[in-house]
Amino acid sequence: MYQRVITVLVVAMAAGCVSSRIEQSREAATGMTADEAMVILGRASYNDHQTEESFTDCIAKILGKGPTPIRVIPDQEFKDNLYPWFEPRTAPTSADELGRLFAQPGVQDRIDEANVRYLAWIDGDTVTVDSGGSMSCTISTFGGGCFGMSYWEQDASYEASIWDLRNLTAAGQISADANGTSYLAGLILPIPILARPGNAACKGLANQLREFVIGD
Amino acid sequence: MSHLKYRTHLVAMVMVVILAGCTTNVIVEGTVPTPLVAKIPATIGVYFSDEFKTFEYKEVMRESGTWKINLGKQNLSFFQNLLSSMFNGVEEVPEPPFQSGEMQHLDGVIVPRIVKYGFLTPSISGLKFYSASIQYQILLYDRSGDIIGDWNIVGYGKSESGAFGADDALGEATLLAIRDGGARIAIEMSQQPQIATWLQNISSAGVE
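Read top to bottom, the protein sequences are chains A and Y. By my numbering, the letter at position 101 of the first sequence is numbered 101, and the numbering carries on one by one without gaps. By my numbering, the letter at position 23 of the second sequence is numbered 23, and the numbering carries on one by one without gaps.
FYI, nobody ran anything at the bench for these hints, they're computed from the structure. Treat the hints with care, since some could be wrong.
Unchecked claim - Derived lysine to aspartate or glutamate pairs resembling EDC-like cross-links, with alpha carbons at most 20 Å apart: (1) Y:Lys73 / A:Asp80; (2) Y:Lys128 / A:Asp57; (3) Y:Lys128 / A:Asp130; (4) Y:Lys116 / Y:Asp150; (5) A:Lys79 / Y:Glu29.
All chains should be modelled from the sequences, with the hints used to inform the complete structure.
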């Protein structure tokens, strides 16, 4: 009984509150067969912003599991097969450029060989928007402990642009925003109450992406 | 007071010695993709200098000690594969200048060189990434050994600091910089005015 109560308390403490919102806009009808595949790529640019690799990995992992798994081609394998056309500075920035890309020798053949139907570009990141509080920890010959409290608020904001590689068009966009505040309370022992907005955005976006590409 | 100053100096010296002794060795490794581009209708020679083949960059930073980045091996295999895929024929040749008539079976000779390598750690840039840049120079020689083209390209790469250790993250950023430079060479080489003129001359010589 005590063990259960402690487990529930630990889980409740470890999971902070996260609020998330998923929005979708569809530009074309979608659908895919079991042998067709999808690729998830993170947008990278040469400023201070880049979609985390862990985020695209998280989406690919979720899509590859569940009752209706989708065949997801690893991003590195896709980029190597289509080198040099999907590097950060050479990748198409809009679906309008797909026609020009597919006219390059061998590109259409490689996409057909891998049977890639959809490409989802993930753009966004998770940033700490606020932090505060203070906590100090001491240790001495008589023992030690932490006192105080600190917090940090994180905002995860991502958008997936889905391109249909068979019709060479944009199929739609899905955006995921999640916000949460984590706390670290020092009451002799440091007790973390962690919110994981990045994880919430990943789950929300992946599930919506699955519904989107499988179609109505 | 002077005793305190002496101790401060001693601690500072010890710190410097400790940091200098701390070396981060970065070995750049990764896949060598074959570029998917139309072949340039020319047979070329390529000269890889020993400096290019074994390129290593070393920098001592006050905050993080010595960094040694060994990118020569990966860079060489990347360029060998890149150029073989871009041209109808490629063979390795000795260093220019050439003996008279030595290169008559070739349309030209390419000599790639690393001009500059640089990197930033998150503590310097204030960003979440390790970033690297490589400036390449591509020299194009005609059969007689005269330089007819000189092209500079910069490849950039960056990698999250959280995902790997410092050495792996910088290795990844350097690998991405090699890929980026290679991508620009593969896509833009035939569009360079000097190289376009050279190709025109080759094709008109072939017609004659």
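*Given the hinted pair lysine 79 of chain A and glutamate 29 of chain Y, is their alpha-carbon gap at most 20 Å?*
Status holds; Cα separation ~16 Å.
Can the restraint linking lysine 116 of chain Y and aspartate 150 of chain Y be considered satisfied, given a maximum Cα separation of 20 Å?
holds, 16 Å
Pairwise hint evaluation, aspartate 130 of chain A against lysine 128 of chain Y, where the allowed Cα distance is 20 Å at most: Holds. Lysine 128 of chain Y to aspartate 130 of chain A sits at ~17 Å (cutoff 20 Å).
- Message: Checking one constraint from the list: CA of lysine 73 of chain Y to CA of aspartate 80 of chain A, max 20 Å. Satisfied?
- Response: holds, 19 Å
Is the straight-line distance between the alpha-carbon of lysine 128 of chain Y and that of aspartate 57 of chain A 20 Å or less? Holds, because 18 Å separates the two Cα atoms, which is no more than 20 Å.
In terms of the numbered hints stated before, the structure departs from none.
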